[in-house]
Amino acid sequence: MNDLVENVVKGDIRAVARLIRDIDDGIPGVREALKALYPHTGKAYVLGITGSPGVGKSTLVDQMVSHLRRKEKTVGVLAVDPTSPFSGGAILGDRVRMQRHSLDEGVFIRSMATRGHFGGLTQSTRSAIDVLDAMGKDYIIVETVGVGQDEVDVVKSAHTTVIVVIPGMGDDIQAIKAGILEVGDIFVINKADREGSDKTLSDLRLMIDMDQKKYEDGGWKPPIVKAQAVFDKGVEEVLEEVEKHRAYLLETQGEIDFRRSPKRVREELMDLVKNRVIEEVLGKLTETGDFDAAVEAIARGEKDPYSACDELVLPRLEIH
Amino acid sequence: MTGKRRIRIMVAKPGLDGHDRGARIIARAYRDAGYEVVYTGLHQTPEEIVEAAIQEDVDMIGLSSLAGAHNYLFPRTVELLKEKGADDIVVCGGGIIPDEDIPTLKAAGIREIFTPGTPLDVIVKWVADNVEPRGEY
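Protein chains in written order, with our numbering: chain A, 1 to 320; chain B, 1 to 137.
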């Protein structure tokens, strides 16, 4: 494992690829590797790209990679696609839009499945960001699956979160109002040649303007950029806004390494603790067969699920 | 931490062949069998496929070719994997491939060739029987 970490820091592609696999598969020893890796992290600038399926996230990411490469920046990409809840399999197709960067040594692209186990998405994506960071990438772009609960979590790991929408999906904007909108640092209206892009623009502007008080107090006001990523239109503007946001963070927080921000550290540590508790308790439950026994007892009508839950969990929560 | 390796497969379309319905159907079948499938899209060079396979740490590459250039593209992929020290990645192929080409392709290191008419479950089961998670780093 130590060789692995050393080689990741040297930027060895196979070591990076394998460590991300180990994280994903939950291989014993990976925690030790991540501990050793941690001191090498905190240098990369992390961008989160989120939005509904089909809005053009992958295409936008592909173009952003090209622009960053022209500026001689190295880029890591993590593209997350959903795991089938039925088979556990997944089709990871984001790479299709980015394959032209495959031979560029300054770019590392990795597809990840959500895998749904024990809230693993957030944690393994976050750990994978650490790996790409430690390998020395200047920028790390995380492309999430289509909008859902988890995406708010993933963007916790990003310096700048870009929300991609398209015209004519009014309902969609409604849907993102509650959660996603609040975490957007930059909004991109992609496929902006389509009918209704001005309406989408004014809808977004209205929502953003409702937080006027926040901006007057020095808060970041999310800009809206119209783009046609497939024709490389608006992409440079998106990156300009990213740089402005970066400058804003630097000015207001004085520190780009969000591991030093108590708020971020608190969130990250809380998630780690949560996952670990779930893992330990659930692991023991399934090992002993107690869980299956409880399922059968409830199915036979001998027990109610609430009592069963208490009996399963409480004895295991004693602090050793 | 489940600690269990999940098989990852890359489905790739090398060369100038523009038809990928077959490749997508195979990808879907692998997905339904519980594998993680990275799809590269059309018009890939063997160099691009091999580099992507290493970055994605896949255990197997399935090459699909309907345009007749398999005798170059398939062996070249295996050769590049060797050069990169990644020849523990299993390579199989499928598509419009004449029977007389199959022995040469197998001799070049392509482990299996699936021709038109092969039932999907045969192609899927072959993975379970022939593909192991890659060795330790």
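Simulated from the structure, these hints should not be mistaken for lab results.
Predicted, not measured: the structure shown is a model, and the values here were computed from it.
Each hint should be verified, as a subset may be incorrect.
Cross-link-like lysine to any residue pairs, in silico, SDA-like; alpha carbons within 20 Å at most [said to hold, decoys possible]:
1) B:K84 <-> A:E32
2) A:K226 <-> A:K213
3) A:K263 <-> A:R194
4) B:K4 <-> A:R194
5) B:K84 <-> A:T41
6) B:K84 <-> A:R194
7) B:K4 <-> A:F86
8) A:K233 <-> A:R194
9) B:K125 <-> A:F86
10) B:K82 <-> A:R14
11) B:K4 <-> A:E32
Under 7 Å between C-beta atoms, here's a sample of chain B residues computed to sit facing chain A [unchecked claim]:
12) R5
13) D17
14) G18
15) A29
16) V37
17) G41
18) A52
Glycine included, C-beta positions come from ideal geometry on N, C-alpha and C.
Hint by hint, here is what the structure shows:
1. B:K84 <-> A:E32: The given pair, whose Cα atoms are some 28 Å apart, is violated under the 20 Å limit.
2. A:K226 <-> A:K213: 25 Å, violated
3. A:K263 <-> A:R194: Between K263 (chain A) and R194 (chain A) the Cα gap is close to 40 Å, so the pair fails against 20 Å, i.e. violated.
4. B:K4 <-> A:R194: Cα-Cα ~46 Å, so violated.
5. B:K84 <-> A:T41: The hint is violated at about 27 Å.
6. B:K84 <-> A:R194: 45 Å, violated
7. B:K4 <-> A:F86: Distance ~18 Å between K4 (chain B) and F86 (chain A) Cα, so the pair holds.
8. A:K233 <-> A:R194: 14 Å, holds
9. B:K125 <-> A:F86: It holds: about 18 Å lies between the C-alpha atoms, which stays within 20 Å.
10. B:K82 <-> A:R14: 14 Å, holds
11. B:K4 <-> A:E32: Roughly 18 Å between the alpha carbons, so the hint for K4 (chain B) and E32 (chain A) holds.
12. R5: 5 Å, holds
13. D17: Violated, about 15 Å.
14. G18: 14 Å, violated
15. A29: 9 Å, violated
16. V37: 5 Å, holds
17. G41: Interface hint status for G41 (chain B): holds (3 Å vs cutoff 7 Å).
18. A52: 5 Å, holds
The earlier numbered hints that this structure contradicts are 1, 2, 3, 4, 5, 6, 13, 14 and 15.
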